[in-house]
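Colleague: In case you want the letters, here they are:
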Amino acid sequence: MLTIPTLKSKPINLSYDIPISRTKQFWDGLKEGKVLATKCKKCGTLNFPPAADCPNCYSSDIEWIPLSSEGEIETFTHVIVKPQSFQEYEPYTIVIVKLKDNVRVLAWLTDTLIENIKVGMKVKLQVKKSQEGVLTYEFTPI
Amino acid sequence: MFRRVAIIGIGHSKFGVRQDVNVNELAFESIKPAIEDAGVDKRDIELMVLGSVGVWYEEPLPVVSIAEYCGLSGVGLLRTEAACATGSAAFFTAYSAIASGQIDVALVVGVEKMREVDTLTAIELMGRAGCYLWEFHNFGITFPAYYALHATAHMAKYGTTEEDLALIAVKNHKYAAMNPNAQFRKPITINDVLSSMVIAWPLKLYDCCPITDGSATIILASENKVREFKVDTPIWVAGIGYSSDTVNLSKRSSYVGLYPTVRASQMAYRMANIEPKDVELANVHDCFTIAELMAYEDLGFCRKGEGVKLIRDGEVEVDGKIPVNVDGGLKAKGHPIGATGISMIAELAKQLRGEAIERSRQVAFRKYIALAHNVGGTGHYCYVTILKR
Ligand SMILES: [Zn+2]
Numbered sequence: 002m003l004t005i006p007t008l009k010s011k012p013i014n015l016s017y018d019i020p021i022s023r024t025k026q027f028w029d030g031l032k033e034g035k036v037l038a039t040k041c042k043k044c045g046t047l048n049f050p051p052a053a054d055c056p057n058c059y060s061s062d063i064e065w066i067p068l069s070s071e072g073e074i075e076t077f078t079h080v081i082v083k084p085q086s087f088q089e090y091e092p093y094t095i096v097i098v099k100l101k102d103n104v105r106v107l108a109w110l111t112d113t114l115i116e117n118i119k120v121g122m123k124v125k126l127q128v129k130k131s132q133e134g135v136l137t138y139e140f141t142p143i
Numbered sequence: 095m096f097r098r099v100a101i102i103g104i105g106h107s108k109f110g111v112r113q114d115v116n117v118n119e120l121a122f123e124s125i126k127p128a129i130e131d132a133g134v135d136k137r138d139i140e141l142m143v144l145g146s147v148g149v150w151y152e153e154p155l156p157v158v159s160i161a162e163y164c165g166l167s168g169v170g171l172l173r174t175e176a177a178c179a180t181g182s183a184a185f186f187t188a189y190s191a192i193a194s195g196q197i198d199v200a201l202v203v204g205v206e207k208m209r210e211v212d213t214l215t216a217i218e219l220m221g222r223a224g225c226y227l228w229e230f231h232n233f234g235i236t237f238p239a240y241y242a243l244h245a246t247a248h249m250a251k252y253g254t255t256e257e258d259l260a261l262i263a264v265k266n267h268k269y270a271a272m273n274p275n276a277q278f279r280k281p282i283t284i285n286d287v288l289s290s291m292v293i294a295w296p297l298k299l300y301d302c303c304p305i306t307d308g309s310a311t312i313i314l315a316s317e318n319k320v321r322e323f324k325v326d327t328p329i330w331v332a333g334i335g336y337s338s339d340t341v342n343l344s345k346r347s348s349y350v351g352l353y354p355t356v357r358a359s360q361m362a363y364r365m366a367n368i369e370p371k372d373v374e375l376a377n378v379h380d381c382f383t384i385a386e387l388m389a390y391e392d393l394g395f396c397r398k399g400e401g402v403k404l405i406r407d408g409e410v411e412v413d414g415k416i417p418v419n420v421d422g423g424l425k426a427k428g429h430p431i432g433a434t435g436i437s438m439i440a441e442l443a444k445q446l447r448g449e450a451i452e453r454s455r456q457v458a459f460r461k462y463i464a465l466a467h468n469v470g471g472t473g474h475y476c477y478v479t480i481l482k483r
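First to last, the sequence lines map onto chains A and B. Numbering of the first sequence is given in my numbering, commencing with residue 2 and proceeding in unit increments. Numbering of the second sequence is given in my numbering, commencing with residue 95 and proceeding in unit increments.
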């Protein structure tokens, strides 16, 4: 094969320290086995992913409430070709689920065979520890 | 009232793996022919707008670098970002500057050098281009996966099949084979698509656009300058529409279409004072086969859920009711993210002038109306541009 001449650039290693002070309750909630959302005390909007400021009425007066744990799969995919930072993982299934409280959550679906997964299937949301030992949330079949 | 604006020059590089050139040299490949095509002097250019997402190549300030390389330092410079709709956003910016009366002549260039990083890093960077924290960080979503989520929903609701999606790939490869600028020049079969490796189910390798290097350039001018330069066949910008949607897919209420396409196209149709049935050629955003199918429906070329009829019945072929992506589309011409929108619009201008490269894919116009539909991300941004000769 023909090799095209190139020059190697200086490498950079980019990693960000993402601030979570204003959503700390969410990360603390995972430790207690809860997946929390924010509810605006002024207009009642329920937000997931959680938001410290209400996108609807701009109030920052919010409360933290647990999401309903059951819902139905609206759509799904199996990721076979994975990004660089997920190379250590087996192929995984990503679902978008509409929960009973009308909030949608995107997460992995685990503990089931691929051929059993269908749109409309009932699943439950729960806190899990990732392969890297980090707390996260996933869906499993009911 | 806004002033009329016309396309007076176009240029296009060869798309593909272009490690034979750096970002400046690649931009030059479309800037030089566009300026020559317009018949202007480069000193006539007042504003240069670059569409480029960057990060996959070494220059952090590419528009400054490209301007110097092309002897344009001194003109107004800016760069736009709207993910895969970056090119159309750049076009809109230059259009607005002329329409408003601020300037008379602008150069819009889209360029992307995506092949300077390895494939897995490119997949990583694209996967992060949704909501990093809530979609990528824990769940490793990829770009094909975003569209696969739409394909699954469309299949479940309307009975669309993997074979239907394969037909779109086959069509676009067929036209890319007739386009010397395209990345892929080989026709493929339905079986090639269906038997290719699964990337993110139900999407397979041949349902996905490639990772591409390329550039495209357009010169825009005000009506006064069109007369002053005695331009033979100006192509007028008749309508532009734009819209957006949430960064998190989970914040949306449906996955069988992209609402920003509906809203942006209605806005553009209104401005151009036309209806979807008046469009005689469309270049739509087919980063994945499902994206083209949803575009037929969301642009109003058919009713929701009936897009498969257009592809099954050949209505989107060059001699059909509404030819779509007869340059090969993103799918087979290639998708250098920042250049794609400019490439689409340049291609339509070429077709409207009757100058399609290879006559076999020249559309026979009656009304001379064409539409470019450019989506950024997974409907995160959308621009629709309507041209008239
Ligand atoms: Zn509120």
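Careful, some of the hints might be misleading.
Stated by the list, open to error - Short derived list, chain B residues pointing at chain A, Cβ under 7 Å:
(1) Gly110
(2) Gln113
(3) Asp114
(4) Glu123
(5) Ala271
(6) Ile293
(7) Gly351
(8) Asp413
Stated by the list, open to error - Pairs of lysine-lysine, BS3-like flavour, derived with a Cα cap of 25 Å:
(9) Lys371/B / Lys415/B
(10) Lys345/B / Lys129/A
(11) Lys125/A / Lys251/B
(12) Lys251/B / Lys101/A
(13) Lys345/B / Lys125/A
(14) Lys415/B / Lys40/A
Hint data in this document are derived by calculation from the structure and do not stem from the laboratory. Just so you know, even glycine gets a beta-carbon here, dropped at the ideal spot from N, CA and C.
Colleague: Against this structure, judge whether each hint is valid.
Modeller: The hints, checked one at a time:
1. Because the smallest distance between the Cβ of Gly110/B and any Cβ of chain A comes to about 12 Å, over 7 Å, the interface hint for this residue is violated.
2. Of the supplied interface hints, the one on Gln113/B holds, with its beta-carbon coming within about 5 Å of a beta-carbon of chain A, less than 7 Å.
3. The criterion of a C-beta within 7 Å of any C-beta in chain A is met by Asp114/B, whose closest approach is roughly 6 Å, and the hint holds.
4. Violation of the interface hint for Glu123/B is found here, the shortest Cβ-Cβ separation to chain A being roughly 16 Å, above the 7 Å cut-off.
5. Interface restraint check: Ala271/B against chain A, minimum CB-CB distance 23 Å, threshold 7 Å, status violated.
6. Hint status for Ile293/B relative to chain A: holds, with the closest Cβ pair at about 5 Å, below 7 Å.
7. Because the smallest distance between the Cβ of Gly351/B and any Cβ of chain A comes to about 13 Å, over 7 Å, the interface hint for this residue is violated.
8. Taken as an interface hint, Asp413/B does not check out: its beta carbon lies about 35 Å from the nearest beta carbon of chain A, beyond 7 Å.
9. Between Lys371/B and Lys415/B the CA atoms are separated by roughly 9 Å; this keeps the pair inside 25 Å, and the hint holds.
10. This hinted pair checks out: Lys345/B and Lys129/A have alpha carbons roughly 23 Å apart, not beyond 25 Å.
11. With a C-alpha separation of about 23 Å, the suggested pair Lys125/A and Lys251/B falls inside the 25 Å cut-off, and the hint holds.
12. For a cut-off of 25 Å, the pair hint linking Lys251/B to Lys101/A stands: about 21 Å separates their Cα positions.
13. Restraint check for Lys345/B and Lys125/A: the C-alpha separation of about 19 Å stays at or below 25 Å, so the hint holds.
14. Restraint check: the Cα-Cα separation between Lys415/B and Lys40/A comes to about 50 Å, which exceeds 25 Å; the hinted pair is violated.
Hints 1, 4, 5, 7, 8, 14 from the list above are not met by this structure, while the remaining hints are.
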